[in-house]
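> What follows is each chain in one-letter form.
2 protein chains.
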Amino acid sequence: MPDLQRYFVPAENWHDNEVVITDEDAHHISRVMRAKSGDEIICNHPDGQAAVTEITTMTSDHVYAVIKEWLEGSAESPIAITIAQGLPKSDKFEFVLQKGTELGAAAFIPVQSDRTIVTWDHKKMEKKMKRFKKIVKEASEQSHRNKIPSIQPVTEINQLAEESNGFDLKLLAYEEEAKTDVYQSFGMVIRRLNPDDRVLIVIGPEGGFSGQEADILKQNDFVPVRLGPRILRTETAALYALASVSYQFEELG
Amino acid sequence: MPDLQRYFVPAENWHDNEVVITDEDAHHISRVMRAKSGDEIICNHPDGQAAVTEITTMTSDHVYAVIKEWLEGSAESPIAITIAQGLPKSDKFEFVLQKGTELGAAAFIPVQSDRTIVTWDHKKMEKKMKRFKKIVKEASEQSHRNKIPSIQPVTEINQLAEESNGFDLKLLAYEEEAKTDVYQSFGMVIRRLNPDDRVLIVIGPEGGFSGQEADILKQNDFVPVRLGPRILRTETAALYALASVSYQFEELG
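From first to last, the protein sequence lines stand for chains A and B.
Taken in order, the first sequence gives residues 1 to 253; the numbers are from the working numbering.
Taken in order, the second sequence gives residues 1 to 253; the numbers are from the working numbering.
Be aware that a few hints might be false.
Said to hold, decoys possible - With a Cα cut of at most 27 Å, we get these calculated DSS-like pairs of lysine-lysine:
#1 A/130 to B/92
#2 A/128 to B/92
#3 B/89 to B/36
#4 A/133 to B/92
#5 A/92 to B/92
Claimed, not checked - Pair by pair, the computed Cβ-Cβ distance ranges are:
#6 A/36 to B/198: 40 to 46 Å
#7 B/130 to A/3: 36 to 42 Å
#8 B/127 to A/184: 43 to 49 Å
#9 B/206 to A/124: 39 to 45 Å
#10 A/23 to B/72: 58 to 64 Å
#11 B/37 to A/211: 30 to 36 Å
#12 A/211 to B/62: 37 to 43 Å
#13 B/211 to A/72: 25 to 31 Å
These aren't lab readings, by the way, just hints derived from the structure by calculation.
Remember, predicted model here, so these are calculated numbers, not experimental data.
All C-beta atoms in this analysis are idealised placements derived from N, C-alpha and C, irrespective of residue type, glycine included.
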């Protein structure tokens, strides 16, 4: 596969054999990459397919390209992992979004919990979400993914528990588990998964979940696991989980 | 194990039944933690052992504590992994040090290579190294490790190849490997390791290794591997490798 620049293009911009790239991506192609007619780029369709395309025309804010070849193969994980992350500071959440996207996450849910120290200003939420979406889009392009992970609105524990029914496996990365000698082995739980399974992993905020929150999750079939024997910072836990699942299903095979 | 604050104490400060804590750590205990006589702290000996101790006396810059109980168990990885990291910008290297320590690395080697974009000012090296050491010490304490990873001086590829003989396995995380369909499976290589094996993992800088550098490493028995099917940023690659080895040997067991 040629090492071409990748762009995610919304479904409505695909017409028969032509793709139209607009807005910031069009600007990136013409001004940053300084592309010209005849140059090739890879366009990703939201359904996960990708095609090598050739640029035909560029206007000030549109780039038109024709599909030359649909690409086979995918860099998507066989296991769809949703990371429900207890709200850390904004920059740490952005870190989880960027690295988590590289490591194959399917979706992210910021979780408001009892011990969340930070509060995200509701008025700034729209702007913040726009920035978050930009981070996962760029990380998806950079890591050659076929799909952009979704980011859900800030969710509370009760709501998370209610909405968790659709998942095949629900895990609670519980710091307390790492300190005891008796715990659920993360490896054993992960190894039992099958391709196309959907997994929800909940990770506590900096201060950890309260006992009450942990109880709500456990009552809703969240399995407490430890992520290795060392105490991980909240923003490192998601990466441990994602790298491990990738190792198990994409490298051990 | 009680969730007490941990401090790494140099070997010369352990006397029979007493431990003496000095400098910044003494300051941390008295001023930040506001500890008093009778309070307990965990002291880590450089040999990897740790003990619960009770504070007896505090002066302006010394804290004296008696050993109450040696702790069993260890949060150290059974596989000693050295991360040889192609020099990224300073803040990214600091990120690798902090997260890599949490994830169990035994040592770090900053590697100067052909495509290294950044140069680290030799005059500032001493100050920089002091800062690096502080980061790994604090991350070791925070993650409840028994040992502080070492940080070696900046090393060039030829020198790294020469000094790599003591390792049981040498890996080259080679971005090009992730793009092809035929590659060495990281899982298969890792699975064959035995406890106490020493592994050296070399990770290219932002621009990747030059072909010549990759050749030097391959001639010196470095095995090229891919770390999952997605293209990882240089600072994410070390974390993928460390989390995977932890998963294999500390969670799959």
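> Within a Cα-Cα threshold of 27 Å, do residue 92 of chain A and residue 92 of chain B meet the stated pairing?
holds (14 Å)
> Do the alpha carbons of residue 133 of chain A and residue 92 of chain B lie within 27 Å of each other, as the hint requires?
With Cα atoms ~22 Å apart, residue 133 of chain A and residue 92 of chain B stay inside 27 Å; holds.
> Need the status of pair residue 130 of chain A, residue 92 of chain B: alpha-carbon distance at most 27 Å?
Distance of about 25 Å is within 27 Å: holds.
> Regarding residue 130 of chain B and residue 3 of chain A, is the given constraint of 36 to 42 Å on their beta-carbon distance met?
Holds, since residue 130 of chain B and residue 3 of chain A (Cβ atoms, about 39 Å apart) stay within the stated range.
> Given the proposed pairing of residue 89 of chain B with residue 36 of chain B, does the C-alpha separation stay at or below 27 Å?
This hinted pair is violated, its Cα atoms lying about 42 Å apart.
> 30 to 36 Å was suggested as the range; check whether the CB atoms of residue 37 of chain B and residue 211 of chain A agree with it.
holds (32 Å)
> Next pair to validate is residue 128 of chain A with residue 92 of chain B; report whether the Cα-Cα distance is within 27 Å.
Distance ~24 Å between residue 128 of chain A and residue 92 of chain B Cα, so the pair holds.
> Indicate whether the distance between the beta carbons of residue 206 of chain B and residue 124 of chain A respects the range 39 to 45 Å.
The hinted range 39 to 45 Å is violated for residue 206 of chain B and residue 124 of chain A, with Cβ atoms some 32 Å apart.
> Given the hint of 58 to 64 Å, check if residue 23 of chain A and residue 72 of chain B actually sit that far apart at their C-beta atoms.
About 60 Å separates the Cβ atoms of residue 23 of chain A and residue 72 of chain B, which means 58 to 64 Å holds.
> If I claimed the Cβ atoms of residue 211 of chain B and residue 72 of chain A lie 25 to 31 Å apart, would that claim hold in this structure?
For residue 211 of chain B and residue 72 of chain A the Cβ distance comes to about 27 Å; the hint holds.
> Taking the CB of residue 127 of chain B and the CB of residue 184 of chain A, does the distance hold inside 43 to 49 Å?
holds (45 Å)
> Given a hint of 40 to 46 Å, does the C-beta separation of residue 36 of chain A and residue 198 of chain B actually sit inside it?
Hint violated: Cβ distance 51 Å, outside 40 to 46 Å.
Going down the numbered hints, you'll see the structure goes against 3, 6, 9, while the others check out.
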